[in-house]
Amino acid sequence: MSDCSACAGCGTASAVAFPPDAAVKVVAVIGPPNSGKTTLFNRLTGLRQKVANFPGVTVEQHTGIAELPGGQAVELIDLPGVYSLSPHSEDEQVAYDVLTGRRDDTPKPEAILLVLDSTNLSRHLMLAAPILALGLPTLIILNMADDLRNRGGTLDIKALSRELGAPVALVSARQGEGIEQVHDFLAGTMALPAPRSLPVLHDVPKCREWAGRVGSQADYRAPIAPKWTRRLDRVVLHPLAGPLVFAFVVIAVFQSIFSYITPLMDAVKWVFEVSGNWIATALPPSLIRSLLVDGVWKGVGSVIVFLPQVLLLFLFIGILEDSGYLARAALIADRTMARFGLQGKSFIPLLSAYACAVPAILSTRTIENKRDRTATILIAPFMTCAARFPVYTLIIAAFLPNRQLLGFLSVRTVAMIGLYALGFLMAVLTARVLKSSILKSGRTPFVLEMPAYRWPTVQSLGLRLFDRSKVFLRRAGTVILLVTVLLWTAAHVPYSHGRPPAIRDSLAGTLGRTIEPVIKPLGFDWKIGIGIITSFAARETIIATMGAIYGMDHPDSTSMDLQSALRHDLTPGGAVALLIFFAFAMQCVSTVAVVRRETGGWKWPLAQFAYMSALAYGGAFLAAHLMRFV
Amino acid sequence: MKKARRKSDKRHLDKDFGVAHTEMEMQLSGNKRESAIPPASLVDLRRGDEAVLSEIDLPVEDARRLMELGFLPGARVVAGQSAPGGDPRVFQVDGSEVAVRRETAQRLKIHHKGRLPRKA
Chain S
1 MSDCSACAGC GTASAVAFPP DAAVKVVAVI GPPNSGKTTL FNRLTGLRQK VANFPGVTVE
61 QHTGIAELPG GQAVELIDLP GVYSLSPHSE DEQVAYDVLT GRRDDTPKPE AILLVLDSTN
121 LSRHLMLAAP ILALGLPTLI ILNMADDLRN RGGTLDIKAL SRELGAPVAL VSARQGEGIE
181 QVHDFLAGTM ALPAPRSLPV LHDVPKCREW AGRVGSQADY RAPIAPKWTR RLDRVVLHPL
241 AGPLVFAFVV IAVFQSIFSY ITPLMDAVKW VFEVSGNWIA TALPPSLIRS LLVDGVWKGV
301 GSVIVFLPQV LLLFLFIGIL EDSGYLARAA LIADRTMARF GLQGKSFIPL LSAYACAVPA
361 ILSTRTIENK RDRTATILIA PFMTCAARFP VYTLIIAAFL PNRQLLGFLS VRTVAMIGLY
421 ALGFLMAVLT ARVLKSSILK SGRTPFVLEM PAYRWPTVQS LGLRLFDRSK VFLRRAGTVI
481 LLVTVLLWTA AHVPYSHGRP PAIRDSLAGT LGRTIEPVIK PLGFDWKIGI GIITSFAARE
541 TIIATMGAIY GMDHPDSTSM DLQSALRHDL TPGGAVALLI FFAFAMQCVS TVAVVRRETG
601 GWKWPLAQFA YMSALAYGGA FLAAHLMRFV
Chain P
1 MKKARRKSDK RHLDKDFGVA HTEMEMQLSG NKRESAIPPA SLVDLRRGDE AVLSEIDLPV
61 EDARRLMELG FLPGARVVAG QSAPGGDPRV FQVDGSEVAV RRETAQRLKI HHKGRLPRKA
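Just so you know, the sequences run in chain order S and P. Under my numbering, the first residue of the first sequence is numbered 1, with each subsequent residue one higher. Under my numbering, the first residue of the second sequence is numbered 1, with each subsequent residue one higher.
Worth double-checking, as some hints may not be accurate.
[To be verified] Here are some of the chain P residues that sit facing chain S, going by a computed Cβ distance under 8 Å: (1) V52; (2) P73; (3) R76; (4) Q81; (5) D87; (6) D94; (7) V98; (8) V100.
[Stated by the list, open to error] Some chain P residues judged to face chain S by a derived CB distance under 7 Å, without partners named: (9) D44; (10) V78; (11) P88; (12) S96; (13) A99.
[To be verified] Residues of chain S clear of chain P, computed beta-carbon distances all greater than 10 Å: (14) G70; (15) M126; (16) E177; (17) W210; (18) L240; (19) G242; (20) V249; (21) A280; (22) D334; (23) T374; (24) S410; (25) L448; (26) M450; (27) T478; (28) A565; (29) R596.
It should be emphasised that the hints constitute simulated quantities derived from the structure, not laboratory data. In this text, all values refer to a predicted model and were calculated from it rather than measured experimentally. Cβ coordinates follow ideal geometry from the N, Cα and C atoms, glycine included.
All chains, full assembly: derive it from the sequences and hints.
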């Protein structure tokens, strides 16, 4: 900043060289949404990145280490996508505060990588003026060079660099083209143009006018319209074909994650069984062996079995998002969302809630209207998250045959889609009630940019899956492991005559039998009761719990099949009640915690928890009784 | 009051009749269909129609968002595809495609419209 004070606050875009001997440089990556900022960030940092939240606000913070060919390491901060630097939304506020060093928790960046979409340069250049005016060394990265070339767009990089007084690099983050220029800049070996004083404009039309002028100075010729995007949109947004494509995509995703992945899951299951037996034979019979095999291995293993499925779901969401179809889906869904008092922007958080409510609730920050946002947060946990999914799969597989309907859909797929629909219906019903009572608000304009269609890259999808596996395995290794060990302990006390008690007489059994009168009307016995208690930590824990309980209950047949054990203990009515209980109950510590943080207090999470629990109990009760007549 | 009502009725019922209007613009095409009362907002555009934005009749914050996406007074807007049922509709503006709901499109006033020249 010393360079800037030297020129007396002229708002100059000074191209300052890096301090030569700084240990680790901190560089911020910023750009408008859809400029390929994250692709570039992934390209530069690879697996050396982590995701966290900016403390105090709900904006996600990605940081990563970029290693340069010369061996230096640079820390990159991926800032949220913004259209301008005038702080109007939380995202823009965070970006502004980080760039100006106003956040104590984040180091002030020493340089900026400004990522712009080269196929829409004139508009994206609007962000260049305020960023360059910050006076930090900035590299302007014109991304999507391959698209620009393919669609016949051209520009004079040198002239643009001269006009802006900052270095400019034309790259394709997706193809890895031109990345060496970014490395050069980060290493401080890039030739820099003479700094220039730029106007600081706060008025959008003036800013756009300036950007247009700079673009034409640089001989920018905009590329022709993306032909394939237009062609695809003619089908995807066709009044008849559009909804059909939409339905086809949804069904195809569900069918593959519920049916086609089974062999892979069986393989994982087999690995855990074999290795469990191996541990059992390698160790002498003791308490430790029991804890390891019956508690930890069986419990954690029964959850890890679902990793392939959860990853497949994230793979599909990743493909839909990266290809650009997700925005079209939001467009098609908007009218329906509006009918329930929500807006199209709620669609993406709600769709992500099919994977996990926690990132979904975090992503509601894109909804500017506070009441719309609260409503979306409150209904997100109704969407069928990945943690419910293994529970559903287990119960459905135990009680329904894998028969084909209509030749291609199995009965199980239909049941699963039904459960997904149930969660969705309850979500929109709740939204409708909330939006017409306590959260009533004026409508905010729905504006959604349609990105051009692109091929998703293996690298970006791979990183996403890597990230998700980490999260899933961390949960299996922490929350679920802890609950399993606690459960194992509770199932092994009190000791009598130097022997552990029968599961029925243990602490866990006593607990289960204590709540049995409450859950009896739902058709659950005390074993399911223990499962339900533990599942309030995280839903999928019930599987680990049941696995452990049945394992201990039948010590002779260590491979006592969970499905047949469930069939033995649950009536079909009880099974339906259990499914409905899981569809409605808010059994997730992480979700409660994130709602508290996002809504800034205990009021909403407690109300939400009470409401969902009551609904779960009522729904299960009704289902158990109705099933008697079937 | 009475006059205003008659005018709005006309627009719905007699859309294709060339009703006398003071702000009528010169029609180069001579197409009778095109000589209707000039539409007032983006809502009146059909797919492929093109217009120049004149004014954004929205609260400052909302208008700012739209302007950052390219909906500036004087900008050329082409109506594109829509969700089933015609709402929301995608508009091509300033090199990108942006979907806007009907209620918002109504507030984006336009000067005039015309058919896009068909390119091979």
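Status of each hint after checking the structure:
Restraint check, V52 (chain P) versus chain S: the minimum CB separation of about 14 Å is more than 8 Å; hint violated. Against a cut-off of 8 Å between C-beta atoms, the interface hint on P73 (chain P) holds, since the closest Cβ of chain S lies about 7 Å away. Annotation: interface hint on R76 (chain P) violated; nearest CB of chain S at approximately 13 Å, more than 8 Å. Among the interface hints, the one on Q81 (chain P) holds; its C-beta lies about 4 Å from the nearest C-beta in chain S, closer than the 8 Å criterion.
Interface hint status for D87 (chain P): upheld, as the beta-carbon distance to the closest one in chain S is roughly 6 Å, under 8 Å. The criterion of a C-beta within 8 Å of any C-beta in chain S is met by D94 (chain P), whose closest approach is roughly 5 Å, and the hint holds. Evaluation of the V98 (chain P) hint against chain S yields a held restraint, the C-beta minimum of about 5 Å falling below 8 Å. With a least beta-carbon distance of about 6 Å to chain S, the hint placing V100 (chain P) at the interface is held under the 8 Å criterion.
Hint status for D44 (chain P) relative to chain S: violated, with the closest Cβ pair at about 18 Å, above 7 Å. With 7 Å as the threshold, the beta carbon of V78 (chain P) stays out of range of chain S, its nearest partner Cβ sitting at about 10 Å, so the hint is violated. Here the hint on P88 (chain P) is kept, as its CB sits about 5 Å from the closest CB of chain S, short of 7 Å. The beta carbon of S96 (chain P) is positioned within 7 Å of a beta carbon in chain S (closest approach about 6 Å), and the interface hint is therefore held.
Against a cut-off of 7 Å between C-beta atoms, the interface hint on A99 (chain P) holds, since the closest Cβ of chain S lies about 4 Å away. Even its closest Cβ contact with chain P, about 37 Å, leaves G70 (chain S) beyond 10 Å, as expected for a residue assigned away from the interface. With a least CB separation of 7 Å from chain P, M126 (chain S) falls inside the 10 Å interface cut-off, contrary to its annotation. Against the 10 Å criterion, E177 (chain S) stays outside the reach of chain P, whose nearest CB is about 22 Å from its own CB.
With a closest Cβ-Cβ approach of about 13 Å to chain P, W210 (chain S) is found to remain outside the 10 Å limit, as its non-interface label requires. Its beta-carbon lying about 8 Å from the closest one in chain P, L240 (chain S) breaks the requirement of being farther than 10 Å from that chain. The beta carbon of G242 (chain S) sits about 6 Å from the closest Cβ of chain P, which is not more than 10 Å, so the claim that it is off the interface is violated. Against the 10 Å criterion, V249 (chain S) stays outside the reach of chain P, whose nearest CB is about 15 Å from its own CB.
A280 (chain S), annotated as away from the interface, keeps every beta carbon of chain P farther than 10 Å; the closest lies near 58 Å. Residue placement check: D334 (chain S) does not keep its beta carbon more than 10 Å from all beta carbons of chain P (closest about 5 Å). Even its closest Cβ contact with chain P, about 19 Å, leaves T374 (chain S) beyond 10 Å, as expected for a residue assigned away from the interface. With a minimum CB-CB distance of about 29 Å to chain P, S410 (chain S) clears the 10 Å threshold, and the non-interface call stands.
Here L448 (chain S) does not stay apart from chain P, with its beta-carbon only about 4 Å from theirs, under the 10 Å limit. Listed as a non-interface residue, M450 (chain S) fails to keep its Cβ farther than 10 Å from every Cβ of chain P; the least gap is roughly 4 Å. Here T478 (chain S) stays apart from chain P, with its beta-carbon at least about 41 Å from theirs, past the 10 Å limit. The beta carbon of A565 (chain S) is kept farther than 10 Å from every beta carbon of chain P, the shortest such distance being approximately 47 Å.
No Cβ of chain P approaches the Cβ of R596 (chain S) within 10 Å, the least distance being about 28 Å, so the stated non-interface status holds.
Hint check: violations occur at hints 1, 3, 9, 10, 15, 18, 19, 22, 25, 26; the rest are consistent with the structure.
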